[in-house]
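Chemist: The primary structure of each chain is shown beneath.
There are 2 protein chains.
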Amino acid sequence: MATTRLIVIGGDAAGMSAASNVRRKVPLREIVVFERSPHTSYSACGMPYFIAGLVETSEQLVARTPETFREKFNIDARVRQEVVELDLAGQRVRVKSLESGSESWEPYDQLLIATGAEAILPQLQGSDADGIFGLSTLASGIRVHRFLKQQLPRRAVVVGGGYIGLEMAETLVRLGLQVSLVDRGEQVMGTLDPDMGVLVSEALREIGVTLYLRESLTGYETANGRVTGVVTDQRTLPAELVIVGLGTRPNSELAAAAGITLGEKDSIRVNSRMQTSSDGVWAAGDCAESFHLVSRKPFHVALGTVANKQGRVAGINLSGGYATFPGVVGTAVSKICKYEVARTGLTERKIRDLGLLYDTAVIKSKTRAGYYPGAGWISVKLLSEQGSGRLLGGQIVGLEGAAKRIDVLATALTAGMTVQQLVDLDLSYAPPFSPVWDPVQTAARQLV
Amino acid sequence: MATTRLIVIGGDAAGMSAASNVRRKVPLREIVVFERSPHTSYSACGMPYFIAGLVETSEQLVARTPETFREKFNIDARVRQEVVELDLAGQRVRVKSLESGSESWEPYDQLLIATGAEAILPQLQGSDADGIFGLSTLASGIRVHRFLKQQLPRRAVVVGGGYIGLEMAETLVRLGLQVSLVDRGEQVMGTLDPDMGVLVSEALREIGVTLYLRESLTGYETANGRVTGVVTDQRTLPAELVIVGLGTRPNSELAAAAGITLGEKDSIRVNSRMQTSSDGVWAAGDCAESFHLVSRKPFHVALGTVANKQGRVAGINLSGGYATFPGVVGTAVSKICKYEVARTGLTERKIRDLGLLYDTAVIKSKTRAGYYPGAGWISVKLLSEQGSGRLLGGQIVGLEGAAKRIDVLATALTAGMTVQQLVDLDLSYAPPFSPVWDPVQTAARQLV
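Line order of the protein sequences matches chains A and B. So for the first sequence, the numbering used here puts the first residue at 1; every next one is plus one. So for the second sequence, the numbering used here puts the first residue at 1; every next one is plus one.
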């Protein structure tokens, strides 16, 4: 295997994690990475903090540059090179240089597709105007940063109240803009049940964001090629800057065009070793499918944690080793100013869709012993299956120290624990960290 | 059962948790609690923060007063009443009023022993002098608080570098005293392996505590009935205040005198329903035995979390319900100024004592994404069984946000997870909360 050529398409988390794992195991193998952006291995999740000025330079978000990969790891990372076609029968890919426009065919023995996901930007009236941004690549983050510095917008509209939408709303408030947020849901954060989402909506209002809920984006008003307003099904909101946070879609067109099987939300279907339907072709990261350990169904999620794990598994397998990626439980966390939000497992809607019956508990507690300075509120919601008592999901909203508790629930979900087993857990306690019953256990006690 | 009489000995966490559970299930039953101190249901763990002035009054540490129990819960909580003898055959206890000195026999149908634990204070030369304190009851915390206010000591010695010792060392530094700490171990915090304990020793030195390690207390110097110094096997340390933090011992003498079987460290042996060897007699809390789910052996631990859980289980069973306490994994956490320390499972020494072979990994990482403001260091040690890869223990030392991660390890230990399963966990990630690989997973990756 040392002399075979591995081509990796995509130089971010999954691709470079795989490439690095292969390099570690097979020191002499040829590894070529094609990345269409100028950057490798960056933290997309860090962009709101760079834009907010909490992180000074975009370079700080880059874990390893193409030069580092070439010089220190002997990984031939080629940026501004876009793979535009897969020839699976011929075991080669057609690569276009985004600098020169020239194209060439590059042969491979093994191929890893790690093309990521891109922000969903609906094509609507005015959507090509300046000032409208999605956020998925570091380059897009740098564009927003530059736009803010150069154009000094005063009013911003964020479309979509998911993680990126919320973090960008905070960022823009920090920068002194008037910020409105449009979401078609009953509350922001549609990955939470509405009774928990309302706490996040309230937090957003408290930091000064004007919310327009149950409203949908229908288009943009523009003048001289620039956006001047966001049009919803109910009103027009003036804005010089629009952030579209309507989620991402997997970059799977290349794979689909080559006949590789797609799965959930058009992500590339893989087995647990990250093999696609085509022999010798692997996929990992935001473009690849995952598996939900609670619903026991195929699932797609675009998150750095999953991309890193899948990339690692692909890299071990591509080196002749054996590793599997068992799946996810749907864990996510976010911070909006002082408020922390986290979720794992299934929401009420998902549980109903599966035809399961369930019980719920929502409790309010404290992040520390009530008498300890800085104790803040925390609300925990748990969902458990009727009869078995098996934990099905958890949601947390609260102040400092609230959110990372979700990891206990993620671990319990993975282990298939019941709420009774949650009550019995020997979790840590000292007054600066928790009440004597950790809030997740206080919630579990209501369900036993 | 509504008309039978329940007597509870001890009015803190376990006793009152049991009594409250019984009251909830059986509204009319007679419940009498005898407590020798003036207080019920207080947070012993909060005493260092009360003494430090972070918590203003000792009343804030009391969750429910005897009056509240009597008036709101119809629980006859009698304080300053000490049970001095159990007559199991006669189903009665002899109670002494600590106010009047009078004694009486009180009959019961069911008896719960929840007598707690008390600080170990070795009887040595000078140990009866003023200024030497153990800390286990709220009354003892109030005495230390008063001594500090009235006597204005300048130099303090803390004997023992466990949780209470460390928290009191911090407290006394905060109050402006010169603080020395004597511990006979290689490092403080003997519940950690020395390679992690050294990080805590360094943290203590950094906050200004002078450490004397590998030294043992041999006695005290006194003058006019007051302590003036601590004598070790190597030196004499001048001090007007001495805090002895050498651990606690279960208050099991009453039970032992009545012929009830004792177990680990002379705690009262119980089954998982909290029944003692004597029919109709139950025990819970710091005086009762527990079970270690990792070593699979009887275990004793005096912690509020365990006391509350055992009290709850006893209360359910005493109400005619059915509940079991499966055991603990040995989780504990503490904060010393800005440093956080946590542990769960088995140390290297304990694993060797069990005759198991193991692997270890120690890693240093960050509490947040490296580029995010406030990212601090965190060190994680994991221990796993050779062959099976089963997690056996974990230890964490670090800055803000480090310690509560121990709960993931406690949950994984309870579920019997392997380090590979830890690597695969879908833990939460966002830059304000974690690097993309949570530090516990970075450690686990070294072991697969």
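One or more of the hints may lead you astray.
Since the list can't tell identical chains apart, any single copy or any two copies may satisfy a pair.
[Stated by the list, open to error] Derived lysine-lysine pairs resembling DSS-like cross-links, with alpha carbons at most 30 Å apart:
| # | residue 1 | residue 2 |
| --- | --- | --- |
| 1 | K338 | K364 |
| 2 | K297 | K96 |
| 3 | K72 | K364 |
| 4 | K96 | K364 |
| 5 | K72 | K297 |
| 6 | K297 | K149 |
| 7 | K96 | K149 |
| 8 | K350 | K149 |
| 9 | K96 | K338 |
| 10 | K149 | K265 |
| 11 | K364 | K25 |
| 12 | K338 | K72 |
| 13 | K338 | K297 |
| 14 | K149 | K364 |
| 15 | K350 | K25 |
Simulated from the structure, these hints should not be mistaken for laboratory data. Nothing here was measured: the structure is a model prediction, and the numbers come from that model.
Chemist: For each hint, tell me whether it holds in the structure or not.
Modeler: Cross-check of the supplied hints:
For the identical chains of this complex, K338 and K364 are neighbours both inside a copy (17 Å) and across copies (27 Å), given an alpha-carbon limit of 30 Å. With identical chains, the CA atoms of K297 and K96 are never at most 30 Å apart, being 37 Å at best within one copy and 65 Å at best between copies. Taking the shortest Cα distances, K72 and K364 sit within 30 Å of each other only across copies (22 Å), while inside one copy they are farther apart (51 Å). For the homomeric pair K96 and K364, neither the shortest alpha-carbon distance inside one copy (56 Å) nor that between copies (41 Å) is at most 30 Å.
Proximity of K72 to K297 under the C-alpha cut-off of 30 Å is found in neither arrangement, the shortest distances being 40 Å within a copy and 50 Å between copies. In the homo-oligomer, the alpha carbons of K297 and K149 never lie at most 30 Å apart, since the shortest distance is 45 Å inside one protomer and 64 Å across protomers. For a Cα distance limit of 30 Å, the shortest separation of K96 from K149 qualifies neither inside one copy, at 32 Å, nor across copies, at 78 Å. Neither within a single protomer nor between protomers do K350 and K149 lie at most 30 Å apart by alpha-carbon distance, with minima of 42 Å and 59 Å respectively.
For the identical chains of this complex, K96 and K338 are neighbours neither inside a copy (45 Å) nor across copies (53 Å), given an alpha-carbon limit of 30 Å. For the homomeric pair K149 and K265, neither the shortest alpha-carbon distance inside one copy (36 Å) nor that between copies (67 Å) is at most 30 Å. Within a single copy, K364 and K25 get their C-alpha atoms only as close as 49 Å, which misses the 30 Å cut-off; across copies the closest is 23 Å, which meets it. When the C-alpha separation of K338 and K72 is checked against a cutoff of 30 Å, the pair qualifies neither within a copy, at 40 Å, nor between copies, at 37 Å.
In the homo-oligomer, the alpha carbons of K338 and K297 never lie at most 30 Å apart, since the shortest distance is 35 Å inside one protomer and 44 Å across protomers. Taking identical chains as interchangeable, the C-alpha atoms of K149 and K364 are never at most 30 Å apart, the minima being 41 Å within one chain and 37 Å between chains. For the identical chains of this complex, K350 and K25 are neighbours neither inside a copy (41 Å) nor across copies (35 Å), given an alpha-carbon limit of 30 Å.
Against the hints set out earlier in the document, violations occur for numbers 2, 4, 5, 6, 7, 8, 9, 10, 12, 13, 14 and 15.
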